[in-house]
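So you can see what is in the structure, the chains are spelled out below.
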Amino acid sequence: MNLPAFDNLRLELRRGCLVLAVLAKLRSEHHGYALAKALREGGLEIDENTLYPLLRRLEDQKLLASAWRVEDKRNKRFYRLSAEGRAALAWLLEEWRNINSAVERLSTVSMATGRRKA
Amino acid sequence: MKREPTNEELLDRYIHAVKMMLVLPPDKMEDIGAEVRSNLESQVEDQARVLGRELHPDEVSALLKRHGHPMKVALRYRDAPERGLISPALFPLYWFTLRAVFAVWVTIRVIVSVFAFQGASPAGTILLNFGRDVLLAGIIIPAGVTLLFAIWEQLEFKFHYSERWKPEALRPVPPRPQPPKPRPMVQFIGQIAWLIFLALALYSPSFFWVWGGRGVFSPSEALYATRFAVWLLAFLVISQSWLRYTRFAAARWRQALRIGLVVSGVALAIVLLWTGDLLVPGPKWDPTQAKPLATLNQMLAGVMVLACLLVALAFLRTLIGLIRRWSRHPHTAHLTS
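For the protein sequence lines, the chains are U and X, in the order given.
Residues in the first sequence are numbered consecutively from 0, following numbering that gives the first Met the number 0.
Residues in the second sequence are numbered consecutively from 0, following numbering that gives the first Met the number 0.
Hints in this document: simulated from the structure, not taken from any laboratory.
Careful: at least some of the hints might be erroneous.
According to the in silico footprint, chain X covers these stretches of chain U (three or more CB under 8 Å from chain X) [unchecked claim]:
| id | region |
| --- | --- |
| 1 | 18-32 |
| 2 | 72-84 |
| 3 | 94-105 |
A virtual CB, placed ideally from N, CA and C, is assigned to each residue, including glycine.
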């Protein structure tokens, strides 16, 4: 894709999806680095300088809870979904499915109309 | 010999630099610092596991470089939502205001400089003062406009004025201005009267004296010598407007005539300005009128210079438009009126 605005469009599209993916992954407890790895392995590359501040913001919004704990002789901060976070995740996933099916439907209709016109 | 920093020292330095740039309460700063360190240590461990050995300092250095400049890392942790001095919503208006204020200021300063030049101030001094003032304005105007918009932005952020609007309170749409009805006869009579007046003013000294100071002032020799050219130019300008009105000649010929008139008018104005004052003491010269005469000459010359500048700018704009049109559609581009 050579569009100069593509990177910005992609960034905008990913922003909301990242929050959803992070919340979904934190249904089980992870520390930051393990979470970044898990997201990467799941096909969602995320810069650590984006992930850590995002985790902090979600914690400020009471969607996550965190605690420092020693693992492998090192202090690590573990994050998990709070009760509010679980409710928010359910709501967001519902919203995501609605958006996804709407976009799917709209793009299918547009393509079919385009083919008829052609 | 200078000792290279160890892996631990590199990490310590990096974390310290990040913390220094956080500008947050100390406990929060420590917490973020510890988390960034934990993440970096995990990365170092991971890489060491893959390589099967401890990392060298240059490898840790490369890892830190990849992680980003401490300032960039710290900026991501700002508590406040990302907000500049002027928000993106307000920026287009800010940019427009900045350019408009600067343009108005430069226009006024150019006019003042032109009149100052006609007032016999040395050209070098005027140019120097103009350059200095433009430089100062280039600092003061952006600073002032930015300050005003920053205050507006702060107030907006605090009080959300823009959310308190009501559609009913918006100004009603003004009625669309109707183009003036063409009144060719009135226009024609006015133009003929103007040509007669100009001929009398240029050719009858007594008429000129009544008009220009009851014999105290007279036209200069240059103005006297070129009076036919001045009158002819006025006549052609008026004729040209009639050609356009009646669509008598093809557009390209009307355009060519207009260009010719502009060039002749500017050339004539330059010649007249070059020869000096347009008005000189008349047969009933009164020495107490020396200052009014000087002011009058200064005003006339200033107006002529400004007119030439405006005409030159308009001409340049038309020319650029023509060139653009021609380059886009070389086969269909033609001169239009």
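Here is what the structure says about each hint:
Residue count for the region 18-32 of chain U with a Cβ under 8 Å from a Cβ of chain X: 3. That meets the three needed, and the coverage hint holds. With 4 residues having a Cβ less than 8 Å from any Cβ of chain X, the region 72-84 of chain U passes the three-residue criterion, so the hint holds. Coverage of the region 94-105 of chain U by chain X is violated. Counting CB-CB distances below 8 Å, 0 residues qualify, and the rule asks for three or more.
Consistency with the previously given hints fails for number 3 only.
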